[in-house]
Each structure stands twice: as structure tokens, then as C-alpha cells.
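Per this note's numbering, the sequence shown starts with residue 769, numbered consecutively.
The hints are simulated quantities; they were obtained by calculation from the structure and are not laboratory data.
Just so it is clear, the structure is predicted and the values come from calculations on it, not from any experiment.
Worth double-checking, as some hints may not be accurate.
[Stated by the list, open to error] Once the Cα atoms are required to be at most 25 Å apart in a straight line, the calculated DSS-like pairs of lysine-lysine come out as:
id, residue 1, residue 2
1, K910, K849
2, K849, K887
3, K910, K821
4, K907, K849
5, K907, K854
6, K887, K821
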Amino acid sequence: MKKQLLFVILLILALPIFGQEEKIENKFEEVHHVGLHAGVTSGIGFSYRYWPKELGFQVTGIPFFENDNSFYSFGLSFLAKLRDDKVVDLYGYVSNHLMLRTGLNYNYDQMTGEYTTSKYTRETFNIGVGMGLEFSLWKVVKLNLQTGYGLVDITNSITGTIIGECGLYYSF
């Protein structure tokens, strides 16, 4: 009788162990993102994001070449996730964008009838701060829409304005 009572007590104590559901967590978290991005203050071109947890960064850039003219865009942004949801994430960002244009100006002198060339270089530096939404279109494809306030061309003729930026990313 004592053995049977001991068996029943052990069985009652063990039942909660068998009744527990195993919680399955998704260990796969996409921290690398590559894609295309266009922004006044965050850069234009190919983009890479590293976003492991709440804080991340983004690098964007591209060179364009045409005969004697060239255009370079380089952007660096810092990202802070404010709300993490299944379909839409809310985040804040601070961004910097350097644009460099070089080329030749062709001038016609009416007095002499000759053409002359002169080389030019123009640097533009933009900074901005704002909020963004990241939409999960599919499991690994994300659409980012950003808006905020930017200071455009702070090295030459500064202008403050509302900005809009967007990006399409593949996450892995």
C-alpha cells in the first residue's frame, strides 16, 4: 500500500511536467539588410544596414560617372527601434549625407570666339533627424519610409526643410 501511495504522489507531482507546452522561440533574427535607399539626408544608392537589437546603423552610397563629370553620394545613419511589431516597426534616425560633384564647365568667349574649360568641384553636406516605418512585405523584404527635418547644404547655403526618404531592403 505504501508503494502504491508513493507511486500516486510521484505521478501527481510529475503530471505538470508532461502538461507543459514547449515554447518555441524564433532564434533567427535578421540583422543584416542590403538594398537601395534614396534620401536627402541619408544618402542615395546601394545601402547596407546592421541592426542587431534596438540600435543599428546604415551606410548608403554610389558613384555616378559620365565623361568629364562625376557624382558621389555617401550617407551614414544611426537607427533606434522604438516599437517592434510583426508587420510594422517604428524607429527614429539621425542621418548625414555628403555629396560631391566634379566636372568641367565649357565656356564660349564671344570676344575671341574661343572655347575654354574650367574644372569645378561642389561639396554638399546634409544632416537630418526623424522617424521611420519599416514594413515587412514578406519575411525577408522590408520597405522603409522615413520623414523628418533636415538641414540641407550646411557647408554653403543652409536650408531647413521637411524631408522624405525611402528604402527597399532584403534581410538576412
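Which constraints among the numbered hints does this structure fail? Numbers only, ascending. 2 and 6
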